[in-house]
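S.K.: Let chain A serve as the given structure and place chain P on it in line with the hints.
Number of protein chains: 2
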Amino acid sequence: MLPYKSLIQIDRKSPVTLYIQVCNVFIALITKGMLQPSDLLPSSRVLATLIGINRNTVKLAYEELISQGWAESLGRKGVFVISKLPALSKTKPSETSKPKSDNSGEAFRWTNKFKNATPSENLQKTTLAIDDGFPDVRLAPIDQLMREYRSLSRKFYGRNFLKYGSAKGSEHLRISIGNYLSTSRGLGVAAENMVITKGSQMGIYLAAQLLLDLSDTVAVGVSNYGFADDTFRHAGANLLRIPVDGKGMDVDYLEEALRHKKIKAVYIVPHHHFPTTVTMSMERRLKLLNLAKEYHFAIIEDDYDFDFHYENKPYLPLASIDHHQSVIYIGSISKTFAPALRIGFMTGPPAFVEAAASLRQLIDKQGDTPLEEAFAVLFNNGEMDRHFRKSLKIYKQRRNIFCQILKSDFNEVIEFKTPEGGLAVWANFDKKIDLLKMSENASRKGLYIANGSFYKNESFVTNALRMGFASLEENKMVEALGILKKVVR
Amino acid sequence: MLPYKSLIQIDRKSPVTLYIQVCNVFIALITKGMLQPSDLLPSSRVLATLIGINRNTVKLAYEELISQGWAESLGRKGVFVISKLPALSKTKPSETSKPKSDNSGEAFRWTNKFKNATPSENLQKTTLAIDDGFPDVRLAPIDQLMREYRSLSRKFYGRNFLKYGSAKGSEHLRISIGNYLSTSRGLGVAAENMVITKGSQMGIYLAAQLLLDLSDTVAVGVSNYGFADDTFRHAGANLLRIPVDGKGMDVDYLEEALRHKKIKAVYIVPHHHFPTTVTMSMERRLKLLNLAKEYHFAIIEDDYDFDFHYENKPYLPLASIDHHQSVIYIGSISKTFAPALRIGFMTGPPAFVEAAASLRQLIDKQGDTPLEEAFAVLFNNGEMDRHFRKSLKIYKQRRNIFCQILKSDFNEVIEFKTPEGGLAVWANFDKKIDLLKMSENASRKGLYIANGSFYKNESFVTNALRMGFASLEENKMVEALGILKKVVR
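Chains as they are written, first to last, in the UniProt record's numbering: chain A, 1 to 489; chain P, 1 to 489.
If we strip away everything but chain A, and leave its shape as in the complex, we get (with noise of 0.2 Å):
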C-alpha cells in the first residue's frame, strides 16, 4: 500500500471540501502513474483511520472518484483505479525538470520571435547598488498615495473603480497628466487622445506592433536602448542603425538611408540618449520632424527622461512641435516615482491612440483604474508637483557629487562627462578594465554594478557602463564608489 498518511495531506482551512481533497490526490496519483489501472484502493476505514477524517468523507471521495471515471466499485471487493484507463504519459511532475534553451524534447513548439536581451536586473534585493540610472523610491510620496488609494476604495464612488473601466486608463488621470504636459512642455493633448500606459515599455511595445510589420525597417541608433531593440524584433522588424554623436541622433545619415529604403520608423531618446545621455540638438529635432513628414514615417519619441534636466533648459520635445501629426510620444512616471508601480502614457494622431487601445485591450484589458486615480489625486492635489521638484534638486546635487568623486578617484579608469541629465553618467572604462570581472568583483565586496553587455550590440561594442547615481545617497555613495575604486585599482 502507498505511504498514503504523508501523500495525503489534508487542509481543513481551505476552501475546498475535504472529500474533494482527497479526490484531488488520488487522481494525481493515478496521473502520475503511482496507482495504476486495476489497483485497489484502501477501503474507507482503512483510510480514515490513516488520515484521521471521518470515514463517511472518504465515502464520498470515492463515489466523485467513480462518478469522474478514475475508479469502479467491484462490489464487496472494493473501490479500483479503473481498468480501462487511458495511457496517459507517467513522468515526473515539472517541477524537477531544468528549463532549456531551445524546446526540443518538449511536447509542442514554441518561437521566441526576439533575441532575448540581458533578463532585467531584480534589484529588489540588493542592498547597496550603482544601478542602470533608476530614481530613489524613498522619495516618492507613497504614503499619500497609498493613503488616496485606500480612501478611494473606502468611498462608494470609489468602489465603481474597480469595476471594468476604459482601456485607455482613468480620464481623470489622462486630464491630469495631459494638464501637466501643457505647462511643463507645451504639448497640447485632450484626455481621448492619451491612452495610459504600464510605464514607457508598455508604449513602445504598443507602438511597435501598431507600426511595424514582418520585414518593415525601423530605424534606431547605433547605440540604443535594448529591450526597445528587443520589441521591434519581436514584431518582426529589422533593425537600421543610425550613428549617433554628440548632438544626438545623425539625421543626415538618416535622411541618405531615406533615399534607398522605406523606413516605417525611427526610435530616438532626445533628452537624453540611452544609453550615452546625449540631448539632441534642436536643429536635428527639426530636421526630423521635415524628414518625418516627406517620408511618411513615424518617430516615435520616447521622452521618459524629461522630468529630469539639471540645466533648466529642457528643450521641447518633437511631439510639442508637431502637434499629432508624426510623432508618437511616449513617457513614463514609473520613471519619476517608483518603478515597481507601473504608470506610464502615450499621445499621438487621435486614430492612432484609438488603436492602441484597442490592441491594449488585447493584452491586458485595462490598467489598475484604483492606482492609476490615486496617481490623479496626487497630481491635482500638487503633490507630484512637490515631488519633481525636490528629487530634481536631489539628484543634482547627487549628479554633482558622483561626478566630483568620479574626476578625482577615477581619472584615470574612467572618461565621461556630466550628463545634463537623466539619472545616470555614461562612463567610458579604459581598455584594461574588463567590465565583467569588475562586476563579479565587485558583487563579492556585496556591490552590485552592470557588466555591460546591455550597453552592447551587434554593431556597438563599447567597455562603458551607465553608473545610476540618483538611487544613491551620499554616504551609500561614498561607500560604493569606495569598493568600486579597491575593484578596479
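Be aware that a few hints might be false.
Said to hold, decoys possible - Simulated crosslink set (DSS-like; lysine-lysine; CA at most 30 Å straight-line):
#1 A/Lys485 <-> A/Lys396
#2 A/Lys393 <-> P/Lys396
#3 P/Lys32 <-> A/Lys293
#4 P/Lys262 <-> A/Lys155
#5 P/Lys313 <-> A/Lys77
#6 P/Lys287 <-> A/Lys59
#7 P/Lys407 <-> A/Lys313
#8 P/Lys59 <-> A/Lys32
#9 P/Lys262 <-> A/Lys287
#10 P/Lys247 <-> P/Lys432
#11 P/Lys390 <-> A/Lys59
#12 A/Lys32 <-> P/Lys313
#13 P/Lys247 <-> A/Lys32
#14 A/Lys59 <-> P/Lys59
#15 A/Lys247 <-> P/Lys59
#16 A/Lys313 <-> P/Lys77
#17 P/Lys486 <-> A/Lys396
#18 P/Lys445 <-> A/Lys155
#19 A/Lys262 <-> P/Lys32
#20 P/Lys407 <-> P/Lys432
#21 P/Lys476 <-> A/Lys155
#22 P/Lys393 <-> P/Lys313
#23 A/Lys264 <-> P/Lys32
#24 A/Lys5 <-> P/Lys313
#25 A/Lys32 <-> P/Lys456
#26 A/Lys13 <-> P/Lys396
#27 A/Lys396 <-> P/Lys262
#28 A/Lys445 <-> A/Lys396
#29 P/Lys32 <-> A/Lys84
#30 A/Lys84 <-> P/Lys313
#31 A/Lys84 <-> P/Lys287
#32 A/Lys313 <-> P/Lys59
#33 A/Lys390 <-> P/Lys13
Keep in mind that the hints were calculated from the coordinates and are not lab data.
M.R.: Showing chain P alone in chain A's frame:
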C-alpha cells in the same frame, strides 16, 4: 498683436520655471503658425505688464527662445521670430480632428492586425447592469488589501518592492498561488514555473505570441470568447472552429481535423465554456490530452472560472492531470476579486514559462510588486479563502434567485439551463426579440444589458446573451429584471 494675455497662462505652482513656461508658449505659437517668420515679439515691458510677471522673466524667456534658435534679436528693433524658420506644416492641433476608421490622410501608416472586437464595456459609470458575468466588487476585502498595501510601503523592506523586480512577478505571490492551486485543484507548481500576469487576458496574449506564427492554425470553439479570437488573429494565426455541445468542445471533430491539418494550439475554457457556460466532460478532457501528445499541439486551458462551481464537484483542470507537458494553464484573481485590479497567473512547461517571462519584459517589464505582495499577504492570512468561500455562497444564492425569476417571468421568451458554475446564465431569447432594440430600450430605462453582438462571430449566429447574476444584490436583481420584463413584453 496677438491676445497674449489669454494665450499665455502662467501656472505659478508648476515645477517648470516661469520663463520656460513663457518660452514654451511662444514656441507653440510659432510651430502652430500663429506667429510667422520675422514677426515682431512684444517688448519685454509690454508683455510683462500684460501677463503680470517680472520684466526680467520675459527677458530670460526671450534669451531662451534665441538660444534654441526660434527667435533672433535685431538690436534696438526688438526680438523677432527667426526669418529662416524651417518649414513646419501648420495644422490645427489634433484635439479638434476626429479619429477615422482607417488612417488614410495621416502622416504615416499603421496596421490593425486584428479585427476589433466590441470594445469592453466601461461599467464604472453604470448604476444598474446585467453584465457579462462579473464579480460583485463590493464583496472583495479591498480594505484589507489596501491596509496591507499601505503597511508594506511603510516598512523598510517594503520600500524595496518599489524597485525593479522579477518579470515573473512577486515570488511570495507565486508561492501563495502555488499553494492555493495545490489544495484547490491538485495542481503542483513551483514558484519558478509560474508567471504572474495582469489578469487571464495577458496569459492568453503571452501564449498566443509565443505559440503562433503567421498563418499557423489555432483551434477554438465555434462559439468562443471574442477577445481570445482577436488575440490569436493579432498574432497572425488562422482560427479553426470546432463545434461545442453540452459536453464542451467536440474532440472527435478535432481529431478528424488533426488528421488533415497541422494545429499548433487548442484554446479551451473547460470550466465553463465561454459564452455557453458548459462544463467539458472528463472523458473529453482525457481524450484531448492524449490527442495533444499524439499531434504535438499545446492546450491553452483558460480556467478563469474554476473558483465558481456550485455543485461542489469541479473537475480537475487538464493541467493537473498533465503535469506540465502539453498544457498552458491560465487563471485569474481579477475575476474573483475586482476586475480593475489586474492579477492573474500562467503555468506551463518550465522553458515555456521562461520564454513568457522574457516576452513579458518587452510588454511592460513586470507587474506592480507592492500590489502583488499585498495579495500574497491576503492568501497567507486566510483572507482570500474566506473571500472565496463567502462569495461562492452568495453567488450560488443569487444564481438560484435569478434563475427562479427567469423561469417564472421570462418563461416564454428565454430558454436556459441553470449553470453549474460561473457568474452568468446563457440565455437564448425567442427569435421575435431583437436584442439590439432590447438593449437600447433597456438603456433608456436605466438598465445596461448587452446587445449580443459580442457573443456572435463569423460562424456563430445566435440570439442569445450572457446574463450576469453575480454582481446584482437581490433587490437590484428584481429591479433589473423588472425593467427587462417591461422591455421584452
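S.K.: Looking back at the numbered hints, which does the structure fail to meet, lowest number first?
M.R.: 2, 4, 7, 8, 9, 14, 17, 25, 27 and 29
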